[in-house]
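Could you build all of it, start to finish, from the sequences and the hints given here?
Protein chains: 2
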Amino acid sequence: MDLWFTEKQTKDFGITAKIKRTLHTEKTDFQDLDMIETNEWGNMLVLDGMVMTTQKDEFVYHEMISHVPLFTHPNPQNVLVVGGGDGGVIREILKHPSVQKAVLVEIDGKVIEYSKQYLPEIAGKLEDPRVEVKVTDGFMHIAESEDAYDIILVDSTEPVGPAVQLFSKGFYAGISKALKTDGVFVAQTDNPWFKADLIQQVYQDVKEIFPITKLYTANIPTYPSGLWTFTMGSKTHHPLEVKQDRFHEIDTKYYTEEIHQACFALPKFVKDLTK
Amino acid sequence: MDLWFTEKQTKDFGITAKIKRTLHTEKTDFQDLDMIETNEWGNMLVLDGMVMTTQKDEFVYHEMISHVPLFTHPNPQNVLVVGGGDGGVIREILKHPSVQKAVLVEIDGKVIEYSKQYLPEIAGKLEDPRVEVKVTDGFMHIAESEDAYDIILVDSTEPVGPAVQLFSKGFYAGISKALKTDGVFVAQTDNPWFKADLIQQVYQDVKEIFPITKLYTANIPTYPSGLWTFTMGSKTHHPLEVKQDRFHEIDTKYYTEEIHQACFALPKFVKDLTK
Numbered sequence: 001m002d003l004w005f006t007e008k009q010t011k012d013f014g015i016t017a018k019i020k021r022t023l024h025t026e027k028t029d030f031q032d033l034d035m036i037e038t039n040e041w042g043n044m045l046v047l048d049g050m051v052m053t054t055q056k057d058e059f060v061y062h063e064m065i066s067h068v069p070l071f072t073h074p075n076p077q078n079v080l081v082v083g084g085g086d087g088g089v090i091r092e093i094l095k096h097p098s099v100q101k102a103v104l105v106e107i108d109g110k111v112i113e114y115s116k117q118y119l120p121e122i123a124g125k126l127e128d129p130r131v132e133v134k135v136t137d138g139f140m141h142i143a144e145s146e147d148a149y150d151i152i153l154v155d156s157t158e159p160v161g162p163a164v165q166l167f168s169k170g171f172y173a174g175i176s177k178a179l180k181t182d183g184v185f186v187a188q189t190d191n192p193w194f195k196a197d198l199i200q201q202v203y204q205d206v207k208e209i210f211p212i213t214k215l216y217t218a219n220i221p222t223y224p225s226g227l228w229t230f231t232m233g234s235k236t237h238h239p240l241e242v243k244q245d246r247f248h249e250i251d252t253k254y255y256t257e258e259i260h261q262a263c264f265a266l267p268k269f270v271k272d273l274t275k
Numbered sequence: 001m002d003l004w005f006t007e008k009q010t011k012d013f014g015i016t017a018k019i020k021r022t023l024h025t026e027k028t029d030f031q032d033l034d035m036i037e038t039n040e041w042g043n044m045l046v047l048d049g050m051v052m053t054t055q056k057d058e059f060v061y062h063e064m065i066s067h068v069p070l071f072t073h074p075n076p077q078n079v080l081v082v083g084g085g086d087g088g089v090i091r092e093i094l095k096h097p098s099v100q101k102a103v104l105v106e107i108d109g110k111v112i113e114y115s116k117q118y119l120p121e122i123a124g125k126l127e128d129p130r131v132e133v134k135v136t137d138g139f140m141h142i143a144e145s146e147d148a149y150d151i152i153l154v155d156s157t158e159p160v161g162p163a164v165q166l167f168s169k170g171f172y173a174g175i176s177k178a179l180k181t182d183g184v185f186v187a188q189t190d191n192p193w194f195k196a197d198l199i200q201q202v203y204q205d206v207k208e209i210f211p212i213t214k215l216y217t218a219n220i221p222t223y224p225s226g227l228w229t230f231t232m233g234s235k236t237h238h239p240l241e242v243k244q245d246r247f248h249e250i251d252t253k254y255y256t257e258e259i260h261q262a263c264f265a266l267p268k269f270v271k272d273l274t275k
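Chain order of the listed sequences is A and B. Following full-length UniProt numbering, the numbering of the first sequence begins with 1 at its first residue and continues without gaps. Following full-length UniProt numbering, the numbering of the second sequence begins with 1 at its first residue and continues without gaps.
Please note that the accuracy of each hint is not assured.
A pair counts as met if it fits within one copy or between any two copies, since identical chains are not told apart.
No farther apart than 20 Å at their CA atoms in a straight line, the calculated lysine-lysine pairs in the PhoX-like style are these [stated by the list, open to error]: (1) LYS268 x LYS56; (2) LYS20 x LYS169; (3) LYS56 x LYS11; (4) LYS95 x LYS177; (5) LYS8 x LYS18; (6) LYS235 x LYS180; (7) LYS116 x LYS56; (8) LYS116 x LYS275; (9) LYS253 x LYS275; (10) LYS169 x LYS207; (11) LYS56 x LYS271; (12) LYS268 x LYS95; (13) LYS134 x LYS11; (14) LYS271 x LYS253; (15) LYS235 x LYS134; (16) LYS95 x LYS18; (17) LYS268 x LYS253; (18) LYS8 x LYS110; (19) LYS180 x LYS271; (20) LYS253 x LYS8; (21) LYS169 x LYS134; (22) LYS125 x LYS253.
Worth flagging that the hints you see were computed from the coordinates, not collected in a lab.
If you want it as structure tokens, here you go:
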């Protein structure tokens, strides 16, 4: 019997992947969680029917949400990840020797549990002594934090289900308050082919709060359209004015110093969303 | 009844698109040709089961295969397109006022015929007086040409079926001969996620023939992995040393002067294919 998992990325278009077996399936307190073993992408975490991460292409997302802001900040020591229960962003953050503490605030403990079990090369660094894992509401954690972090990364699901409030202006204002005076923030902000309105809205909201607001992209084959965007809000540090000697050797498969610059060059129809 | 078209981009992964109807289906002398009307992407040309172009995202491919080399060359007058029967590359070429003649050599006249009928905004410029359309074998046309073109663009299908010989070293040597002494050549060379070997092979072959060989990328959501590569071979002009005043105003939706530079910045795992 051939089994295929299909994600409808829009109501009229999707991706489909042959699967070897379902490793785990559960309705958690927050969402439907499925872990499947696919032939093409290895193990794949699916939340509410949407691909969150796969063993084969996870490096793109995790490197690009992390290293662009962490190289933008001259001395990132305290880093917060909202969401990101698979642990991939934490793994990348810890590649920066300046980082002393990385806090992960994930609302759904089951994501952490099953990522540790089935995606060990992604989640393995959650055990590092520099990491503090809090299973709680990211929105509340942000509301309670002040002048606490150098970097905040929002590694959320799409703006449906538990992540809706993570795409609100109030949340970005809270992030600004939770950041130190030269803090940098990045959120994943979906794709320009199917979610242009979302990108536009987030960009305008962030721009009203952060002096430096920039959109950048990366290619993620299992995400809708393959072209993913990240929105950066920065208080003082400009991502395109990083001093050459700041770039240190780092073990990556996607990110390079060249990509750090180039990822901010937007295709015209994407650039138009920032106007 | 819900009808969905699925392209298996690998044996274990694909894309699937809801269709309104099949506009035309035919086994030509060279390949299976299907024109379908999809909900998400508008009309879509499918050859041998593979998406060739769609009304919604065609601009990316057509702009990026054309404008990068046409801005690299200081005065492109005579341009050859091998393949490209849908006419999209011709449309982009003609946006450059220096172009006096654009020759299209397409092996399958049916591709031209049905593109004119169902993709008029893509194929419309095939009627321009500067355009000469030849329905013949591109490999033979190249073999018979010498010192004839400023630019040659290879807009072929995948290296299966009629396009196999368009991915051979002999073909690239022929292209070099067919180009003038400062000619520039670009071929579409598939994606790095599923076809890394092909990219590596083409790059090495082209590098043995052209003094300047460069790989660049663009995001094309309906193509496998969404990350597409183009390989450029150039005799004298370097794509990253284009004089600022060469860039003239041009009507595009993806290409910009910034993208011209940034598209050559390769993700690390792609850059590694050029070593």
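* Asked: Is it within, between, both, or neither for LYS169 and LYS207, if the alpha carbons may be no more than 20 Å apart?
  -> within (10 Å within a copy, 51 Å between copies)
* Intra- versus inter-copy proximity for LYS95 and LYS268 (alpha-carbon distance at most 20 Å) -> between (33 Å within a copy, 17 Å between copies)
* Asked: Given identical chains, is LYS95 near LYS18, meaning Cα to Cα at most 20 Å, within a copy, between copies, both, or neither?
  -> For LYS95 and LYS18, neither the intra-copy (33 Å) nor the inter-copy (43 Å) Cα distance is at most 20 Å.
* For the identical chains here, do LYS253 and LYS8 meet the 20 Å Cα criterion within one copy, between copies, both, or neither? -> So LYS253 and LYS8 fail the 20 Å test inside a copy (28 Å) and across (26 Å) alike.
* **Identical-chain pair category, LYS235 with LYS180, by Cα at 20 Å** => within (9 Å within a copy, 52 Å between copies)
* Asked: How do LYS8 and LYS110 come out at 20 Å by Cα distance, when the copy is not named: within, between, both, or neither?
  -> The answer is neither: 24 Å in one copy and 33 Å across copies each exceed 20 Å.
* To do: Could you figure out if LYS116 and LYS275 sit no more than 20 Å apart (CA to CA) within one copy, between two copies, both or neither?
  => This pair counts as neither: shortest intra-copy Cα distance 41 Å, inter-copy 35 Å.
* To do: Using 20 Å as the alpha carbon limit, work out where LYS8 and LYS18 are close: within a copy, between copies, both or neither.
  => For LYS8 and LYS18, the Cα distance is within 20 Å both inside one copy (15 Å) and across copies (10 Å).
* Asked: When no copy is specified for LYS180 and LYS271, does a C-alpha distance of 20 Å or less occur within a copy, between copies, both, or neither?
  -> So LYS180 and LYS271 fail the 20 Å test inside a copy (29 Å) and across (36 Å) alike.
* Intra/inter-copy verdict for LYS271 and LYS253 if alpha-carbon distance must be at most 20 Å -> between (26 Å within a copy, 10 Å between copies)
* How do LYS253 and LYS275 come out at 20 Å by Cα distance, when the copy is not named: within, between, both, or neither? -> Close across copies (15 Å), not inside one copy (32 Å); limit 20 Å.
* To do: Evaluate LYS56 and LYS11 at a C-alpha cut-off of 20 Å and name the case that applies: within, between, both or neither.
  => Between. Shortest inter-copy distance 16 Å satisfies the 20 Å Cα cut-off; intra-copy 26 Å does not.
Checked against the numbered hints above, the structure breaks hints 2, 4, 8, 13, 15, 16, 18, 19, 20, 21 and satisfies the rest.
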